[in-house]
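A.B. asks: Protein sequences, first through last, are from chains P and L. With this note's numbering, the residue at position 95 of the first sequence is 185, and numbering never jumps. With this note's numbering, the residue at position 203 of the second sequence is 218, and numbering never jumps.
No wet-lab data here; the hints were simulated from the structure. Do not rely on the hints blindly, as some may be mistaken.
[Claimed, not checked] Using C-beta positions, here's what the derived DEER-type ranges look like:
{"hint": "1", "chain 1": "P", "residue 1": "T499", "chain 2": "L", "residue 2": "V122", "range": "19 to 29 Å"}
{"hint": "2", "chain 1": "P", "residue 1": "T499", "chain 2": "L", "residue 2": "A29", "range": "14 to 24 Å"}
{"hint": "3", "chain 1": "P", "residue 1": "T499", "chain 2": "L", "residue 2": "E79", "range": "40 to 50 Å"}
{"hint": "4", "chain 1": "L", "residue 1": "A29", "chain 2": "P", "residue 2": "P691", "range": "22 to 32 Å"}
{"hint": "5", "chain 1": "P", "residue 1": "L509", "chain 2": "L", "residue 2": "A40", "range": "15 to 25 Å"}
{"hint": "6", "chain 1": "L", "residue 1": "E79", "chain 2": "P", "residue 2": "A584", "range": "39 to 49 Å"}
{"hint": "7", "chain 1": "P", "residue 1": "V475", "chain 2": "L", "residue 2": "G202", "range": "37 to 47 Å"}
{"hint": "8", "chain 1": "L", "residue 1": "Q140", "chain 2": "P", "residue 2": "T499", "range": "29 to 39 Å"}
[Stated by the list, open to error] Here are the simulated EDC-like cross-link-like pairs (lysine to aspartate or glutamate), alpha carbons at most 20 Å apart as the crow flies:
{"hint": "9", "chain 1": "P", "residue 1": "K546", "chain 2": "L", "residue 2": "D103"}
{"hint": "10", "chain 1": "L", "residue 1": "K220", "chain 2": "P", "residue 2": "E580"}
{"hint": "11", "chain 1": "L", "residue 1": "K221", "chain 2": "P", "residue 2": "E529"}
From the three backbone atoms N, C-alpha and C, an ideal C-beta is built for every residue, glycine too.
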Amino acid sequence: MKRVIHEHVLVCLSSAPSNANTIRAAAKLSQAFGGTMTALYVQTKSSDQMGTEDRRRLQRHTRLAEKLGASVSTVAGDDVAFQIAEYARISKATKIVLGRSVAPKGRLFAPKPLTEQLVELAPYLDIYIIPDSAGKNQRRRNSATKQRILPSIRDVLITIGMLALSTAIGFVFHRLHFTEANTITVYILGVLLTALFTKNYMCSGISALAGVLLFNFFFTEPRLSFRAYASGYPMTFAMMLFSSLLTGTLANRLADHVKRSTQTAWRTQVLLETTQQLGQAENENDILEVIADQLLKLLNRPILVQCKNGAAIRRFPEGEPVEIPPETASQRFSFQSGGEAFGDVLVYGDALEPLESGILHSILGEGGLAIENRRNARQKEEAAVLAKNEQLRANLLRSISHDLRTPLTSISGNAENLLTSGEGMEEADKRKLLTDIYEDAIWLIRLVENLLSITKIGEGNARLNMTTELVDEVITESLRHVHTKTHPIETEFADELLLSQMDARLVSQVIINLVDNAVKYTPEGSKIHISARKQGKEILVRVADHGSGIPDEMKPRVFDMFYTGNGKIADCRRSLGLGLYLCKAIINLHGGEITVTDHTPTGCIFAFTLPVSEVTINE
Amino acid sequence: MNKLLILVVEDDPAIRNLMATTLKAHNYRFMTAPTGASALMQASTTQPDIMLLDLGLPDMDGVEIIRKIRAWSQMPIIVISARAEDTDKIDALDAGADDYLTKPFSVEELLARLRVTQRRLAFMQTSTPSPIFTNGALKIDYAAGCAWLGEQELHLTPMEYKLLCVMAQNVGKVLTLSFITQKVWGGSTESDIASLRVFMATLRKKLSAGKEEVQYIQTHIGVGYRMQKL
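Bound-form chain L, shown alone (with noise of 0.2 Å):
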């Protein structure tokens, strides 16, 4: 029996059963909540672990849910929407959300964004704050100011290194653009997020000069990065 509880905010209930059997066949505990209002009243109460949430709600605006949410706690919210458009998801995202997925969605896609959170969970739960950031092969040495990847030392340049260090203090976690440039260049315009690109396609490459295929950060298209929990 898996122990973390899921919370699960749709208002459709094909939906919301299409949901419901796959996480009992996964062995969740899970609840439902087809308002904002209830799902707030039962996040309060009932203190779930993650928390799946549609945006499209009949009566509250998702990303107002986000806030409320962020408000008293840091339960990761994995955002639903049916919306195409990038700027509902990237708002969800900077409002507080972790993770998002779109409809359709297939199963398989919803169970690995669950694996992907409960990493992430675990990991913020047993780590204390240390000057150490270990992700599979990658170390990062906060205090010293270098990273390894296995054995051998990472030539990061300055700005490589401020990089990996905003995606490694937010793992698990899918960053919007606006988000990285405003930590990494304290700005957001064309040419930052120009020199993003630039600069995550190097500190990829260096990244994945290691044996094993190991895509330690993913692409979100139009939406942004995350380091993935390994």
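Bound conformation, chain P alone (with noise of 0.2 Å):
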């Protein structure tokens, strides 16, 4: 057997412009090697800076990812290199695909290339590495990363206020004669207390440098002026800037960490919640369903939930507007698992932010599985189906083939004789050959007419033929395929029109059975009653002999497939057990129940009931 290895292309998405070309790269290798492509973003904390322009972009090739066919999901963590290597490694990805990263020259320290860094952290992928005019994007995401750079008004407020409060501490200390080093101390808690309530990383440092400035200025001989007398000052200043900067980036960093972990907890909720609920959806649009609530509690803005079947969900926030063309929307993702696309989703409103993006793809993903879960399992189901009607069929056939022996043995053997000595023979017993042959055959068509029935119950409610039929019409016609010259039947309706839905042809099959089974099973003369009545909503339809009976503990199997009497019944010539089991199909079929009791004095009665059918009649 040849073994396939399956290749999966993981590429890098990036706001770079450049990061378009290196996705319709990867989607021509994945294709090339007939693989699947996951497109990967990896959040940092540069791209909660990152300007609008970049975002849109970011955006473009999410989207050109998702056309190329790629799924796209999002990791967080500040290891590009190693988030990479870490997803890689649990997606199993092959070959991944990289734009050529530009590594800063010059510098001291400069960290490693990405490439080289995702060698070490992963040797047993292929790289790829596509040429990009990366300098010219250098700079401008350096522009670009410029705007935020400018501090707020509200973190310049709340700089100037504490060195403000600081230096009006360090006057009452000053005032009470204590040490300088306190007030040094206080300064240091501004910085700090600065760096925990500003967003800008610039406010630490500023302040830093301004609380060193201004102890200068107020505190140290001489007074008011930025020159210091004491020949260790330089060195209190230098420690005071170092641990005031050291400080300030200490309480960024942990501002920092609170707000991801908040974001993370937030997120893992977020997708247990809706793993949850996917685990009790009944059925792909439960599934739906419950994808477009978690988006629009994630999101709260209108979401529409476009289906490939057609189907459409849509969500909002209360108090939007109920119509939603899908043309506004602003962001499309599709929905996809295993290659197979399901749908699109479609976002109203401004872009998203990276985080709620990246739930958003997660969901999806989740989503996407949980709908092809529900795909397999249900195709196991219909396979299982499928193999136990098989089973039934090769049964139905193994006993039927055997079963058919006896009357073809008959038919041919009677014939044979016919035609080889037919000459000689007494013209009595040549009527008695042919009525053999004659019965046989008929045995035979029997059959056959009740085999095809089976099959067509078989395959369900598709297949029947409703129409609206007067009971007694159905009946009489029935009887006039009943051969019977040795049972007088006897019919009873009554007054009103008994009309029903049904399939005529297998109802009045029923009949057929029922009247054969109770010719065949009784005494020669004895009579056969049929009736038909309302009772209620139902119709209820009556055959009853006047032969020996069915013995209690028979009457539960009779109904059952290949039960037959086996010979406890006298003048049983032969049976299938198909008779009464197809009768029960039926009439189960049509919504109705069929019974057998005990006849007075001596008989069996077999009911059935039929819905009656409320019509309005055209005049």
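These two chains come separately, so use the hints to put the complex back together.
C.D. replies: In structure tokens, the structure reads:
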């Protein structure tokens, strides 16, 4: 057997303009290998500070990747190479495609380029590097990040306020003749608080520097000047600046960490909830509803889930307009699993935050997986049902082929006799042989009719040919197909018209089978009585005979497939045990019941019900 | 010697032989054709009186043959079908067939159908367009808009009368449910068919009120109704 190695190509998404080329190259590669493709976005600290331009480009790239058949995932972490290597390991990626990253040159302690880090972390990966005009991109990215470098007015006010407060406390300490060390501590504390409460990294740096200057200006001799007499001061200032900066940076990191953990917790919670709800979903539609609900909870804006089969699920935050045409959606995410797209999710409003879009992709991934699982499970169920039907069919075939031999032997044998030695036979003997041939052939015809009906009901409701029929008409017509000269048949119908929805041919088969049985199992000359009347919302049809009846212990089993009385009944020629089984199947398919009870003084009554159909008569 | 010429179209040699033997034994004149193409050719050259047509021919769809024949001839066509599906028969009847037989059929049944068709043929050939329709004891005066059973005038509702007229105008022919409802109600919805069942039941009750037990209207389960030519 040829072993097929499944290629899984991983491509990294970024906001760099050249990323589009990288994605296309990766798509070509995955296509050439006939493999699957995943586009991975690593969310880092700096991605929070991304400019609108970059954010939009990143979204374009995400969409491009989806269009080219990639499934999109997001992971978060500052160590990009580690995250990629981890994801590649978990997702069993075999190839990875990167745009050429430009290592910052001329800087001491410059980090190793991404490719080299990756080679170290994941030596088993094939790495493909796509050349690009990265230099331009690098500059542009710098200018883009600069937009966010200027601190907000709030940050500036907090910084100035903290410095003023520290200086004021310093004056109080000075008045109380505390040592300078206390004042320095107050300034460092100010920097710490500034770092905690401002969002911009520059604030703590500036505040550290300003703190040293203010301390120098207000509290060292000569006061109110930037000069310092004591020889130890430069050292003091340097130490103060250094500890301020360090405190500020640490505090910044702490704030960052808190924010990130909150986000991670939230993300985990949303995903966990999604997983739980997906687990409870009963069908594909439920899954789509769960996804739409979770996305609404996550994004709080209009969501439209469009399915490949045409179904659409809409969700709105309260008070939003109800009409959302697909054209006005701002973002479209495809929704897939195992290379098969199930539909699209349309999101309205502003561009998504990276965190939101990360969670969104995770939810879609979960949902896709859930749908795929559901489909697989259903296929398995169908296969099981098919196997069971196949088994039943095989049993049926075996039993029939076996039982067909008897009448066929009789037919062919009798015919052979007539052909070879018919000349010398007496007329009465000939007639006897011909009668046997005829009767066996009729028996075979009945059997074939029953078998045809069984295959028909085996295919379920779809094949039923339901029409409104008059029950007494159907009974009268069925009786024309029962050839008996030995058993008088009486019919008794209600005066009112009994209309019912049925497959007339199948119901007729039930009546024929029941009457045939009555003829077969009762002595010659005994009467058979058929009646039909309305009973509540049902029509009750009864076939009663005056035979020897059916023992109680056999009654529950007479409707089983292949159940035959096994010679217990007198004059039982042959039976496949299909007739009554078929009757029950047909009546149940029509929503009725079939029962067998004793007749008085002897005999049995087979009774079945059919639903009355209420119709309006067109005059 | 029976004057009628019957064309038997059947691809299976055993069944063809059975039909030929039966027809010969009852003094019918007949021809056989094993394929649709030869059937069409024989039909156009010899102009048989009745056609017995097997629906499952190897070269052509039976319903197609009926349509082609109906383009130029009104010869009665009795369809023989091995398929238990009612829809096949209904399609054939709607395409213009007069009657049907389902395999396996008994020889007796085949002969009975031939006799019915023969009567219908005789009726079609002798009757000139007349405002009075008679069939056994049943008499319909189209001009006066009333019907009698023997000497007794039938008290029919307008719907029953309309139904009776449709049946009478196609006497001897099996009419599908949708054909009748189209003619009487102009539609073929579920409630039209239910109405047909009800009116047919009341109409039959009125028709069977006569002295002798005559079934004027036959039911064909899952297919339709036919007024017998007596």
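A.B. asks: The structure should be examined with respect to each hint, and the outcome stated for every one.
C.D. replies: How the hints compare with the structure:
1. T499/P x V122/L: 19 to 29 Å: 24 Å, holds
2. T499/P x A29/L: 14 to 24 Å: Once the Cβ atoms are compared, 20 Å apart, the range 14 to 24 Å for A29/L and T499/P holds.
3. T499/P x E79/L: 40 to 50 Å: 41 Å, holds
4. A29/L x P691/P: 22 to 32 Å: Since the Cβ atoms of A29/L and P691/P sit about 50 Å apart, the hinted range of 22 to 32 Å is violated.
5. L509/P x A40/L: 15 to 25 Å: 19 Å, holds
6. E79/L x A584/P: 39 to 49 Å: 45 Å, holds
7. V475/P x G202/L: 37 to 47 Å: Check passed, 39 Å falls within 37 to 47 Å.
8. Q140/L x T499/P: 29 to 39 Å: The hinted range 29 to 39 Å is violated for Q140/L and T499/P, with Cβ atoms some 50 Å apart.
9. K546/P x D103/L: 15 Å, holds
10. K220/L x E580/P: 19 Å, holds
11. K221/L x E529/P: 39 Å, violated
Of the numbered hints stated above, those contradicted by the structure are hints 4, 8, 11, listed in ascending order.
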